[in-house]
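K.L.:
Residue numbers (this note's numbering), protein chains in the order written: chain A, 1 to 239; chain B, 1 to 236.
For the record, the hints were derived by calculation from the structure and aren't laboratory data. Be aware that a few hints might be false.
Claimed, not checked - Distance ranges between label pairs, derived from CB positions:
#1 134(B) with 53(A): 56 to 64 Å
#2 169(A) with 6(B): 20 to 28 Å
#3 13(B) with 235(A): 55 to 63 Å
Ideal Cβ placement from N, Cα and C applies to all residues, glycine included.
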Amino acid sequence: MTSSHRLAEVFVELADTLVDEFDALDFLGTLTERSVELLPVVAAGVILRDRQGTLHVVASTNDAAQILELFELQNEEGPCLDCLKTGLPVVNLTELEAGRRWPRFTAAAQEAGFAGVHAIPLHLRSSVVGAMNIFCATSDPLTDADLSLGQALADVATIGLLQERAVRESGLLAGQLQRALNSRVVIEQAKGVLLASAGVDVDQAFGLMREYSRRTNRPLREIAAAVVARRLNARDLQP
Amino acid sequence: MRSTRQILAALSDAPGEDSLPAVLCRHCADDLGVDGAALILATEEGQQAVVGASTPLAETLENLQFEHGEGPSLLASATGESVFEPAFADRGPDRWPAFGRAAVDLGVASYYALPLLVGAIRLGSLGLHRTSPGGLDQERLAGAFSYSEAAVVVLLHLQSMNGSSSTLNPDLGDPLGYRAEIHQATGYLAVRASVGPTEALLLLRGHAFATGRPLLDVCRDVLAGTLEIPPPEGQI
Numbered sequence: 001m002t003s004s005h006r007l008a009e010v011f012v013e014l015a016d017t018l019v020d021e022f023d024a025l026d027f028l029g030t031l032t033e034r035s036v037e038l039l040p041v042v043a044a045g046v047i048l049r050d051r052q053g054t055l056h057v058v059a060s061t062n063d064a065a066q067i068l069e070l071f072e073l074q075n076e077e078g079p080c081l082d083c084l085k086t087g088l089p090v091v092n093l094t095e096l097e098a099g100r101r102w103p104r105f106t107a108a109a110q111e112a113g114f115a116g117v118h119a120i121p122l123h124l125r126s127s128v129v130g131a132m133n134i135f136c137a138t139s140d141p142l143t144d145a146d147l148s149l150g151q152a153l154a155d156v157a158t159i160g161l162l163q164e165r166a167v168r169e170s171g172l173l174a175g176q177l178q179r180a181l182n183s184r185v186v187i188e189q190a191k192g193v194l195l196a197s198a199g200v201d202v203d204q205a206f207g208l209m210r211e212y213s214r215r216t217n218r219p220l221r222e223i224a225a226a227v228v229a230r231r232l233n234a235r236d237l238q239p
Numbered sequence: 001m002r003s004t005r006q007i008l009a010a011l012s013d014a015p016g017e018d019s020l021p022a023v024l025c026r027h028c029a030d031d032l033g034v035d036g037a038a039l040i041l042a043t044e045e046g047q048q049a050v051v052g053a054s055t056p057l058a059e060t061l062e063n064l065q066f067e068h069g070e071g072p073s074l075l076a077s078a079t080g081e082s083v084f085e086p087a088f089a090d091r092g093p094d095r096w097p098a099f100g101r102a103a104v105d106l107g108v109a110s111y112y113a114l115p116l117l118v119g120a121i122r123l124g125s126l127g128l129h130r131t132s133p134g135g136l137d138q139e140r141l142a143g144a145f146s147y148s149e150a151a152v153v154v155l156l157h158l159q160s161m162n163g164s165s166s167t168l169n170p171d172l173g174d175p176l177g178y179r180a181e182i183h184q185a186t187g188y189l190a191v192r193a194s195v196g197p198t199e200a201l202l203l204l205r206g207h208a209f210a211t212g213r214p215l216l217d218v219c220r221d222v223l224a225g226t227l228e229i230p231p232p233e234g235q236i
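The shape of chain A in the complex, shown without the other chains:
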């Protein structure tokens, strides 16, 4: 039985990581560890589906080859695959039912010491992008309280993934913006350099650089930077 105090601590811990230097893998790793602490499970992992539909384990409390294989098997059959197909939690099957539905997987899981394996979906807007995979030593069903908590943890994982994607995209765009702004400045500076050193006017200067850029298949920005750094002069730019 987990104290609600510890639960609150865990959520605050996870929320904090969303604000600071955010690292998705660290975050998901912490999430799986806390899941094992808060739920009656002995191992947990987060599985994401890539664009081709292949399942990849991105975080796991256990690096044992057996566990990793259990994740891998679920590309063929298992709770995660079903969970991703339906978007619904796949939980609390009896050993018999599990054996019938996923014979190979269930056998492998039992051999690894897991009598119960469950999957909780990660929803991103209207699609299911992955699942939280939890492994129990017994086949005792998870209680409603456990399932609620499991879903809450899965939802937090989803927020983390959204954050990661947003952060990455924003960073990329911001970088592009900065480079584009810089390019304009450098190109104008290069015109001035050619004006002073070669006696051409600004339009001729631009023309020279643009032609050179096309002939050598190098970006205009790069040519301009080389001109400003005096690595390229007007004579070099001549055809």
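With the hints as your guide, set chain B onto chain A.
P.N.:
For chain B alone, kept in the frame of chain A given last:
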């Protein structure tokens, strides 16, 4: 006071004649009760483009900061920290001798600059000014931060719509284009004085300040070959 989301919603509802940055600046000035708001893009080297302004004065104040190479917006985008000067009439000229005096002459009594941040990347700043002194109350302060966040979203959105990643979205272009001559003069003087571009710009600004002439005029003379600015004594 509006949240970032409400600000963005209001922007997308606005009629489509002006650029998003210009509309954002107008909404910002109205909402926060300041006399002017301007949106500025900057890079590591401090190069700037004013991409939106609610009034001509707001735009002039930013261009002046570029001319003099100093000012609250420059400081905010360089450090990533907000720069608030509610007593600009007194303190402005102390903190920024050249810009401060020019801005006070134009009637600025308080100034607030907020950096535009994407993680560790400093994109530029949002500059607000009033012709009356005083700070922003809690509510307006929160509103100012919301506008700076909305500004980042707008800028990134415009960049993302640009397809080719190496050019600026036209809505982000420097509307005056006068800075082209300043950058050209920088390159020109770099050759003539045998210095790097950073020093060349400093020389140009220094000369403009010393002679009391606008930077653009100095640059035009340099480009025309009618003005020589030697490097300071002792420089190789």
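K.L.:
What are the numbers of the hints that this structure violates, sorted from low to high?
P.N.:
Hint check: nothing fails, all pass.
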